[in-house]
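So the sequence lines, in the order shown, correspond to chains A and B. Residues 1 to 179, numbered by full-length UniProt numbering, are exactly what the first sequence covers, in order. Residues 1 to 673, numbered by full-length UniProt numbering, are exactly what the second sequence covers, in order.
These aren't lab readings, by the way, just hints derived from the structure by calculation. No residue lacks a Cβ here, since even glycine has one placed at the ideal position from N, Cα and C. It is possible that part of the hints are untrue.
[Claimed, not checked] Only pairs whose alpha carbons sit at most 30 angstroms apart, straight line, appear in this in silico DSSO-like list of lysine-lysine:
no.: 1; chain 1: A; residue 1: K42; chain 2: B; residue 2: K63
no.: 2; chain 1: B; residue 1: K394; chain 2: A; residue 2: K150
no.: 3; chain 1: B; residue 1: K394; chain 2: A; residue 2: K80
no.: 4; chain 1: B; residue 1: K318; chain 2: A; residue 2: K150
no.: 5; chain 1: A; residue 1: K80; chain 2: B; residue 2: K397
no.: 6; chain 1: B; residue 1: K466; chain 2: A; residue 2: K99
no.: 7; chain 1: A; residue 1: K135; chain 2: B; residue 2: K382
no.: 8; chain 1: B; residue 1: K63; chain 2: A; residue 2: K150
no.: 9; chain 1: B; residue 1: K394; chain 2: A; residue 2: K166
no.: 10; chain 1: A; residue 1: K135; chain 2: B; residue 2: K212
no.: 11; chain 1: A; residue 1: K135; chain 2: B; residue 2: K202
no.: 12; chain 1: B; residue 1: K466; chain 2: A; residue 2: K150
no.: 13; chain 1: A; residue 1: K150; chain 2: A; residue 2: K166
no.: 14; chain 1: A; residue 1: K166; chain 2: B; residue 2: K212
no.: 15; chain 1: B; residue 1: K63; chain 2: A; residue 2: K166
no.: 16; chain 1: B; residue 1: K585; chain 2: B; residue 2: K397
no.: 17; chain 1: B; residue 1: K63; chain 2: B; residue 2: K212
no.: 18; chain 1: A; residue 1: K135; chain 2: B; residue 2: K63
no.: 19; chain 1: A; residue 1: K150; chain 2: B; residue 2: K382
no.: 20; chain 1: B; residue 1: K397; chain 2: A; residue 2: K150
[What the hints assert, rightly or not] Away from chain B, derived, C-beta distances all over 12 angstroms, residues of chain A:
no.: 21; residue: E23
no.: 22; residue: C73
no.: 23; residue: E83
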Amino acid sequence: MEDAAPSEPFPETELQFSPWEVEYVSYGGEHHLPLIMNLVDKELSEPYSIFTYRYFVYLWPNLTFLAFHEGKCVGTVVCKMGEHRNTFRGYIAMLVVVKPCRGKGIATELVARAIRVMMESGCEEVTLEAEVTNKGALALYGRLGFIRAKRLFRYYLNGVDAFRLKLLFPGAKSPFHIP
Amino acid sequence: MSALEIMDPKMDSGMEGNGFHSIEEAIEKGAAPVPLSSDSTVDVQRCIDVMDHLLSCEATWHKGHSLAQTVFSCIYLLRMERTSSHPLLHSYCKIMRSTCNAVIAAVSDARTHEEEDIFVMAHGLPLQGDRDEKCLSLLNSVEETISRQLRACKAQASRKKPSDDVGSLQTIPDLEEGFCRALLCRLRFRKHFYHALMCMRKHQGRGIELAKKHVASCLSELAFMSKSVEFLRSNGLGSCHGEIEYRTTASGKQPFGFDASLNSRLSAPTPPRAIQIVSWKQAILYFEKLMNDLDAALSLPLDPLLENILQFLVQFQKSEPHLVARAHLQLLLIQDGKLYGKDSFHAVISRAIALPEITRDLAFQENEFVVQLGQLVMNLIKILCTNNAWQRRKLGKILEDWGVISIQQLELAFRREYDEMLKVSAEENLYMKLSKHLLVWAEETTYWIASRFLLLGFQLELYSPKEYCMVYWYLYVIFVNLLEKMQLRITYSVDNSRRKGKKKQDLAKDAGFHPPTGVSSTCLLLQCYVYISEGLTMMLAALHNERHSFQISSPFNSEHERFIQHFELLQRANVPQHISYHLFKESTANVQISNVLKHNYFKEVQRIITSLRGSFARDPERLLELHRLEQVVDHNRVALGVIERVGANDVSLEISFEFPYHPYFAVAVVKRS
Chain A
1 MEDAAPSEPF PETELQFSPW EVEYVSYGGE HHLPLIMNLV DKELSEPYSI FTYRYFVYLW
61 PNLTFLAFHE GKCVGTVVCK MGEHRNTFRG YIAMLVVVKP CRGKGIATEL VARAIRVMME
121 SGCEEVTLEA EVTNKGALAL YGRLGFIRAK RLFRYYLNGV DAFRLKLLFP GAKSPFHIP
Chain B
1 MSALEIMDPK MDSGMEGNGF HSIEEAIEKG AAPVPLSSDS TVDVQRCIDV MDHLLSCEAT
61 WHKGHSLAQT VFSCIYLLRM ERTSSHPLLH SYCKIMRSTC NAVIAAVSDA RTHEEEDIFV
121 MAHGLPLQGD RDEKCLSLLN SVEETISRQL RACKAQASRK KPSDDVGSLQ TIPDLEEGFC
181 RALLCRLRFR KHFYHALMCM RKHQGRGIEL AKKHVASCLS ELAFMSKSVE FLRSNGLGSC
241 HGEIEYRTTA SGKQPFGFDA SLNSRLSAPT PPRAIQIVSW KQAILYFEKL MNDLDAALSL
301 PLDPLLENIL QFLVQFQKSE PHLVARAHLQ LLLIQDGKLY GKDSFHAVIS RAIALPEITR
361 DLAFQENEFV VQLGQLVMNL IKILCTNNAW QRRKLGKILE DWGVISIQQL ELAFRREYDE
421 MLKVSAEENL YMKLSKHLLV WAEETTYWIA SRFLLLGFQL ELYSPKEYCM VYWYLYVIFV
481 NLLEKMQLRI TYSVDNSRRK GKKKQDLAKD AGFHPPTGVS STCLLLQCYV YISEGLTMML
541 AALHNERHSF QISSPFNSEH ERFIQHFELL QRANVPQHIS YHLFKESTAN VQISNVLKHN
601 YFKEVQRIIT SLRGSFARDP ERLLELHRLE QVVDHNRVAL GVIERVGAND VSLEISFEFP
661 YHPYFAVAVV KRS
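Chain B extracted, bound-state conformation (with noise of 0.2 angstroms):
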């Protein structure tokens, strides 16, 4: 595919084309006036022209293109000593130069994702400027003085005296408020930018309270700043109201001093193709939305308990962020090989077995495994902070490596013990505790991970109709045993709880007890995801089986093949044993809508639901959850009903499965033709 033909516009890059054959060219001809203009009000005019495509550019190359293609085909910033006599321009250049500077070291820094590769490409890009840290001393000082053009020019408004003689910005006087406030919200803007990405990379996440200040003026200077569009076309050119929408200027004007064929050498390994800028306003759209995910970042609570920062993560990721808000948030997680750059892992392991005694045994923080699982949660955690569709490649892979953590600890725990017998001594036996508790956590771990796997399936669209049955029955099976363990772990944490002599209500606190039932809610929550997964796999089978609808048939391979491809990393994993295709047939062939009416699955979840609004009722979150589970039930057990009326081989009956209400619990749909 690396084959090029030579004179195709479309693939050679080195071809000679209309435009310029190189920078200085291109300066000489009068691309990249400095100033724009002798006129100082065109000058500011196309001075934000330039700030604004440079913003467009910002996006283009954050939503994945070349930095080459997009920030760098700006002139000014190729050769930015050609613009130190015109300040705003130059203090511009340089925040530009710096904050792509930041957001590369940061991307680069969490390196676990497949989307950096373009992203920090800046190969032969005149990245590196001597006085960077000098950028926001010169920004400040371009505020500051356009600040005072702004209070003198509103104070000559009211027929006040200025207090200061700075002269005007430019001009035209009737303009002069316009283009002051145009030009403070975007340095204002990258200004705040620049300071959260510095205050986000503090150690330890001190910087995280400022950093989250920082971010919020950045959304509201991203207000000024679209409000500054109609002042701004209103001195425009008269382009068509449609065509405007496509800009990259606020104005609708096209910019001076860009030119993408410059750098077309530099985009090396692949030829460059021709690339669209985004509008103007999608780049202010995408800010906005990279502030917002800036913004759920920093509010991680700094939770050391690891169930909590899982639990967190998967809510983050529900918005979908872009690569820049998940790389930062990964580096407030992992610094220098710790959690928040302060917890060691194998402390962070000791409190999720709720051992936290242990904490300080030399011989538990240099046991192997105690190391191996602390790597694993490490990257575990930075799996989690990557795309979706990454993310779920990789939680399948490192299955087989929790699962192999598993089956060593098992047999350490066996060994110590057979070995042992007669000689059991108070050391011996909290080692057989400590094997316990991390066999039972790390298989904990380990059914979690395969359940994101297999929900991320709903959410990247992997699975079609005719897969749904097998899908929830795997579901089921995995959240069947991660319940188990989790019971299990809570049980072994009571009980050395008890033996501390923690009072009762302690405890209660401690393990999330449910009041009426005295069962963790997290368990409760878990059981309804059990009934849900069942419900909907004998619905399924039972219209497969009664209907023909839903049934897999292709001319090449069958049902077990896909049985095999879509769970072939769990099987691999043995996650869980002794779980085949013929298991799954066996608990499915003979299903038949009046059995799951009799077996009544979703009615038992309404019955839990009910209880837990109470356990959950500080919890938005989890009350959202309850709200959606609620909805899916319902209309199951309706469209149920409505199957069992009709009967489910009527062929006026159509059924289809949709998630309305859940990202990843479907919904019969029932229709009559």
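With the rest of the complex left out, here is chain A (with noise of 0.2 angstroms):
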């Protein structure tokens, strides 16, 4: 899936406040969904259903957080977790902060935030995928611990490809010994 950031109904221009003027929420109910789908729905050219929407923050609200400035949502993230091969893995599927807004360590508090649920919840590794031309999530990623665990040949219908990235706890179990 994939990161963005919308454009309206906010100024073109970047705006200046501090890391402390933005309230994070973790997901709290049907009226933050509008929210989150107005968001997504605005940047991306992958177009998610409702039904893509509740699938998610329906089975896993507390990975779902929403980033706040003066009582306007600029930023949410949605992930879902499990068994995926033997192993209890999460998954962030969308990322988007509005663009007026980026530069500012939102996009990582609302990841970090929710790879601690992840974390506290046993999951032993973390996964998601971005275009390999997406320095600024790549970037953000790499920060938070991530690698490049493979390349995806045009995985997007414009061709572009994709990073699986993936970040991997320490102490997690393992199929063989790694010394």
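Using the supplied hints, reconstruct the complex from the two chains, each of which is provided in its own coordinate frame.
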């Protein structure tokens, strides 16, 4: 899935504010769903149906976070976790921050909160896909400990490759001994 | 993710749009007239536009979109019988269909790539025709007619009487030559492309030389097509220059007879998204590259030696060839489970282990390990024909298969030796020698696969600069082991040749011995890789220790987890054994810039390169490699000198690692702020 940032109804110019002026909340219910859908729909070329959003937020509400600045939703992260080939794994599905609010660590904070919940829930690793050209996302996840595990040829419809990014938590069980 | 919202045009392919509901409705409403115009000049113009748009569609299909939304968005192709009264259009549609069939067949038969999944999807499309085998004769007849029309108009222009009266192509005499030429190069491109595809599928590479000639002809016809742009645009509409660059025809006009929405229900299982057909210019560039890739594939030397085949494949992949070229190369290499359709893989192995006399031994042929190794070699060749991203994943996965073979071989060898120690016969000796040769060759191949796996990571940009130290360290370990096995294998083959009474100069020739040193040139080149990997590891480690740069710190994990993840597949396969993160840390913990300078890794490489130039004098690829390595070591030596002089922990220094000279050996770039 993708990382993006919508551009309306915010002004084009960058907003100036301090990190502590941003409030982070966990998904609280149906009233948050239109905010999330609005943010993601505006920017992503990949269309997600209402069912897709509900799949994530109903099953894993503790893995969806929203960022608010002056009462407006400026960013969101939507994730899931579950068993995948004998590994309990977290997956980051969508990450969005509005353009004027980028570069202030909001995306990093949203992702970090989700990862902390995954870690506390017993996940062994976290994974996502990102376009190879999305330097911002790659730098963000790199700082958090993700490696580029694989390159996926022409993963996106526009022909762009993707990286499968993976973060391995310390002490995760593995089928063979790694000294 | 498969859920969709009804009436959302991005998701609902069954939604009623503004377009036609069916192909029949489109035809009824005049979307694909036959002829395209009652005016023969306009008819020819529009025909050329259809041909050009089909070329753009074909390029778009090759680049990863569905056939239904590209080539078969053409109504003339969907109802080909309608075009039978129009020889030009009919022959072009037939050759298009035959070409699509040939390409799909090749990609389906190659069958090892994920990217073929969309490529070969052709449900519900009218791809099979009764008389496709006659497509060439129809095309040739149309080409002949137009050639005569061209000769006639040239004769008239020079006021000569035309030799035969074929009637003109269209009604405007001044445009006759331009249109004839524009059509001829398009028809000839299709003809040569189809011939090339047919020749490439001939058994045992028999069609290679002829295919090369057809590919060369394709390239020259593509050049003529590009030249026809000026003529075709001068008769076109007055579109603005900027816009025309994105058009899908040479004339810049919209073609008749295409509607992608008609096939929207045939694009299951995913709802079709709107796709962009590539521009005609991009299509020409694509086909030029494809022809060059095919030419490179057809330069396959049909070498019986496995190591040369592997080297050829690595070289071929450097230009990132497209799926169609890679599929055809794979089919040239592997036919009917044999190399080039003629050499069984046990013969390939016996040559690789320098025991060709063993090839006819039935016990050898039927040996379960030999059979298994044969399968692994065949699989390895197929994998090396896939795209780099897929290839790396598969190379990592097969390491375990190769590693298991080695252990089994070893057990077999030891068991024989132990049980039969006192009853050693000539046959047992051969068996033990064979086990020894097979084991060392299998291990060498395993390390070669491991080195490709790690090196591809650089090409695919999988490593961040903070990870280069561990990657180069692991590479150093793999190269050391690869060199050891290679030298052992060569020693065995030399011993074997000596026993056969071969002369010294023949021995040297067989093993690729380097005259001054008596060591194989390939081994010396590999020794360079060992030194460079070690030098880069130590340089990065020193910078980490003295400047605290390239350090990995994250809130959720550490360098150890990154090590585990990057080398998981190698560790799982024990390639090699006893390698760990702790060993990496021990090797790099106390390194300083002064140590790196003292060991002079890069100077050693320079010394070897100087001596190797003579050996590689007739091998331009290896000479180029030596040149690149020289650039790497020169620049790194200078960088080391600067860092030592200024002081590694001087804050004014900015140090980064980049790849300006070699795809996987980095160069330290030192700047002062």
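**Prompt:** Is it correct that the beta-carbon of C73 (chain A) has no partner in chain B closer than or equal to 12 angstroms?
**Reply:** Nearest chain B Cβ is 22 angstroms from C73 (chain A), so the label holds.
**Item:** Restraint check for K466 (chain B) with K99 (chain A), where alpha carbons must lie at most 30 angstroms apart
**Value:** holds (29 angstroms)
**Message:** What's the verdict on K63 (chain B) and K166 (chain A), does the C-alpha distance respect the 30 angstroms limit or exceed it?
**Reply:** holds (28 angstroms)
**Request:** Mind verifying the non-interface call on E83 (chain A)? Its CB should be farther than 12 angstroms from each CB in chain B.
**Result:** holds (18 angstroms)
**Prompt:** Is K150 (chain A) within 30 angstroms of K382 (chain B), Cα to Cα?
**Reply:** Status holds; Cα separation ~20 angstroms.
**Prompt:** Does K394 (chain B) pair with K166 (chain A) here, judged by a C-alpha cut-off of 30 angstroms?
**Reply:** holds (18 angstroms)
**Prompt:** For the pair supplied as a hint, K63 (chain B) and K150 (chain A), is the alpha-carbon distance within the 30 angstroms limit?
**Reply:** holds (21 angstroms)
**Prompt:** Within 30 angstroms, alpha carbon to alpha carbon, are K585 (chain B) and K397 (chain B)?
**Reply:** Status holds; Cα separation ~26 angstroms.
**Prompt:** Does the alpha-carbon distance linking K466 (chain B) and K150 (chain A) stay inside the 30 angstroms limit?
**Reply:** With Cα atoms ~17 angstroms apart, K466 (chain B) and K150 (chain A) stay inside 30 angstroms; holds.
**Prompt:** CA of K318 (chain B) to CA of K150 (chain A), is that 30 angstroms or under?
**Reply:** holds (19 angstroms)
**Prompt:** Would E23 (chain A) pass as off the interface with chain B, using Cβ distances and a cut of 12 angstroms?
**Reply:** holds (21 angstroms)
**Agreement of K150 (chain A) and K166 (chain A) with the hint, judged by alpha carbon distance not exceeding 30 angstroms** = holds (9 angstroms)
Taken one by one, the earlier hints fail for this structure at numbers 7, 10, 11, 14, listed in ascending order.
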